[in-house]
Amino acid sequence: MPQTADAHGLREDIARCVHCGFCLQACPTYLQLGKETDSPRGRIALIEAMSSGRAAPGAPPLLGHLDLCLQCRACETACPSGVPFGRIMETARGNVMEGAAAPLAWRLRAAALRQVLPHRRRIAAAMALLRGYQRSPLRRVLRRTGVLGRLPRPLRAAEASLPVLPREPFAAPPQPPGLTRTVAMLRGCVMPHLYPRTHDATVRVLNRLGYRVVFPEQEVCCGALSLHAGDRQQARALARRNIDAFLEAEIEAIVVNSAGCGSTMKEYGALLHDDPAYRERAARFAAMTRDVLEFVVAETLPALGEVPVAVTYQDSCHLVHAQKVTQAPRALLRAIPGIELRELAAPDRCCGSAGLYSLVQPAMSARLLADKMDDVRATGANVVATANPGCMMQLEAGLRQRGIEARVVHVIELLDEAMQAAGGAAP
Amino acid sequence: MQSLERALGRERVISTPDELIAYEFDATIERGMPQAVVFPESTEQVAAAVRVAHRAGVPVIPRGAGTGLSGGAVAAAGGVVVALTRMKRVLKIDVVDRVAVVEPGVVNIDLSRAAAPYGLYYAPDPSSQRACTIGGNVAENAGGPHCLAMGTTTNHVLGLELVLADGEVIEVGGHSRDVAGYDLTGAFVGSEGTLAIATKIIVRLSRIPEATRTLLAIFDQIDDASGAVSAIIAAGMVPSALEMMDRNIIRAVEPVLRCGYPLDAEAVLLIEVDGLEEDTVEQAEAIDAICRRHGAREVRLAREAADRELLWAGRKSSISALGRLYPNYYVLDGVVPRTRLPDVLRQVYAVAGRYGLAVANVFHAGDGNLHPNLLFDEREPGVTAKVLDAGAEIMRLCVDAGGSITGEHGVGVEKRDFMAWLFSGDDLYAMSRLKTAFKAGEDFNPCKAFPTHAGCGEVTQAQVRRTAAAIGPDLYV
Chain A
1 MPQTADAHGL REDIARCVHC GFCLQACPTY LQLGKETDSP RGRIALIEAM
51 SSGRAAPGAP PLLGHLDLCL QCRACETACP SGVPFGRIME TARGNVMEGA
101 AAPLAWRLRA AALRQVLPHR RRIAAAMALL RGYQRSPLRR VLRRTGVLGR
151 LPRPLRAAEA SLPVLPREPF AAPPQPPGLT RTVAMLRGCV MPHLYPRTHD
201 ATVRVLNRLG YRVVFPEQEV CCGALSLHAG DRQQARALAR RNIDAFLEAE
251 IEAIVVNSAG CGSTMKEYGA LLHDDPAYRE RAARFAAMTR DVLEFVVAET
301 LPALGEVPVA VTYQDSCHLV HAQKVTQAPR ALLRAIPGIE LRELAAPDRC
351 CGSAGLYSLV QPAMSARLLA DKMDDVRATG ANVVATANPG CMMQLEAGLR
401 QRGIEARVVH VIELLDEAMQ AAGGAAP
Chain B
1001 MQSLERALGR ERVISTPDEL IAYEFDATIE RGMPQAVVFP ESTEQVAAAV
1051 RVAHRAGVPV IPRGAGTGLS GGAVAAAGGV VVALTRMKRV LKIDVVDRVA
1101 VVEPGVVNID LSRAAAPYGL YYAPDPSSQR ACTIGGNVAE NAGGPHCLAM
1151 GTTTNHVLGL ELVLADGEVI EVGGHSRDVA GYDLTGAFVG SEGTLAIATK
1201 IIVRLSRIPE ATRTLLAIFD QIDDASGAVS AIIAAGMVPS ALEMMDRNII
1251 RAVEPVLRCG YPLDAEAVLL IEVDGLEEDT VEQAEAIDAI CRRHGAREVR
1301 LAREAADREL LWAGRKSSIS ALGRLYPNYY VLDGVVPRTR LPDVLRQVYA
1351 VAGRYGLAVA NVFHAGDGNL HPNLLFDERE PGVTAKVLDA GAEIMRLCVD
1401 AGGSITGEHG VGVEKRDFMA WLFSGDDLYA MSRLKTAFKA GEDFNPCKAF
1451 PTHAGCGEVT QAQVRRTAAA IGPDLYV
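Just so you know, the sequences run in chain order A and B.
The numbering of the first sequence is this note's numbering, which starts it at 1 and goes up by one.
The numbering of the second sequence is this note's numbering, which starts it at 1001 and goes up by one.
Bound-form chain A, shown alone (with noise of 0.2 Å):
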């Protein structure tokens, strides 16, 4: 591992920051607390006096800092100066993992997702375990028992956020005949158990746009959970399993419909800059990848009908800030008859979902999906769409806690719904 490059990379990062504060207002942590410490441009002192050795790396109170970080990377989109906060955050944590002073809980961790990610069938296991027990009568009892109160924090928000998982996991469909292009679609690690209509929904707009999907057998997680956790070596890992599944299709992109594992893949490119082997397809692979709104605004649409709703967008973090894809979905929205588009006061500030985050981190979470529901309350909205899986769940949760009456989608599920609604089946 190339240790002496990532530092002087870090260096450099970190010096691109001027430290002017513009970033402050961005960042959801400052504002719920107020506190440098867990601002960007606090982070990134903390980050510069551990990598410099004068504080020490494993210090707690300062890995809490790193820890109560989102990565959400709207401090990206604010900052004049272009630091790449996101990386420096993902490096920073690297350091600590692969140093000695890498603290127990991160270890258990980086050790539970090395166990799980990438391996689909025990996904699959786990998510079918979890279907049976949300179905059964086992769940009522241990509410009612006050057994659930007792597990560890991470299981109790798991087990109160998770959607009632569809019967049936995403299988792929049978595809019209006659599509003469070919693209390639990820289905990501719990996306085929907990959405398998939204998956439904984007493979039905591609054909209808003329392209067939399909789906690598040898794919796996996209290695953003990992590489969020300080774990460099298994995302690379799973980069590489991932461009061996899909380069080797014949097809012209490959279509993401989850903004944080989309967000991952086009930074394969860098995470394997040093890897001989693997540097020109890790590139080749990212350029070729494409969220799905931003695949779909760029083609020629069909006739569209009508959707009568009245709907409010939350960007996806992984989507606006760390994709710059803002247009597309509102673009969309707005092309679809009958949909009244209602901005959220702040639509691309987290709603706290972040992939783990809303396990590791359930008080800071819940602050920010409050803050978020008085929000899409005050729009009057009746559906909340979105571009990512843990916003879904997350938006779900926050909507199901407070009683507010609307269905959360992906923003794809509305433009298959107009698709329908204008009639015709798939060419």
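Quick look at which bits of chain B chain A covers, simulated, 3 or more residues with Cβ under 8 Å:
id, stretch
1, 1078-1090
2, 1127-1140
3, 1326-1334
Keep in mind that the hints were calculated from the coordinates and are not lab data.
Glycine residues also receive a C-beta, built at the ideal position from the N, C-alpha and C atoms.
Given chain A, work out where chain B should sit, using these hints.
Only chain B this time, still in chain A's reference frame:
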């Protein structure tokens, strides 16, 4: 520290050395390590924190967002930083009186957003307005591009609630125009946190103008741009803003923000007029003509609100975008009479050239308020000293031209030893007596604004002091 935790609660105090690193700096290159940072949420808690510090005899440093450009929020002699970021409520907007009452931690732009539904806004608009706080603006008497027509912060503050050094809470000024007695509100605005801590601020709100027109004039010669500035003012016009950006600023900003500043231009002027629809049309036409007469190769008019916002986004991000060119900037805040602008600007480039330093100029041309940014990498040995020397020379240029060392950033730590160029010992003594009147001793934001004593042992400071002494004898204006 324990008494602070007792007084405010543990969650409102940071005192572990590792965490305090996040409070060592503001937006300048100054550094100073506090012993604690407190996060009061009410006037009472501010008073409690101040009392604890007072009894312990440690310095108190008020801090807003820490976006200041003179080191005003840096704990130059250690002490307790009182961070006002949690006091961020807009307490009242009085639409009829056009007055707002705010807590000090309210972010500048948030006040204008809160007032917008009533057709009102808060006029002073520092470039950092998306992040900086009204409290910090009051402390530094902050300006901004639109202060050309609207005046600086002091013209918009009507009254204050203050916590004095011993914890006593007083009120000065009020909701309306009031000239009875001493103008203590005026005395406080711009006092850089050396007198007291404002816990409530009563500000004037202004009507959003009926029409606004924004022009971008593009020049191949910087002298032509300066000439156009003088000509616009000489023609008797008062644009609401008149800003200049030079080539290096354009290079930093344009590639990312794509605001339409041509990369091959030597300078651009961003000019705004507002008022009644017909007036702005006329004024914009007149300004367009003047710019072309003075060598502008092109003058563009922003067609839509979005174009206008983009032009301003570039201007307001200028200094913060300099990290794309160099890791550090040292931004100066000199003021010169407008007629001396072309001449002084030429000398600024000459000084930077002599020191072998890159310089980027972005400034309020209409006010004669220059912001030369000396660009460098502080990791390069000896370069910081060189930058400070060059900075001192440029400050001296401004003073010699009949101007001043600060137009809106405040004196802070950075420029306090240049104060002797402007004021005699007697003048400074008279000013320091004001501190006594406010019961603020040496421990209230020490090492700021006055060319004071030892014990403010920052590296950069020592260098400035040496340079200031070396440049020349005291000059009184």
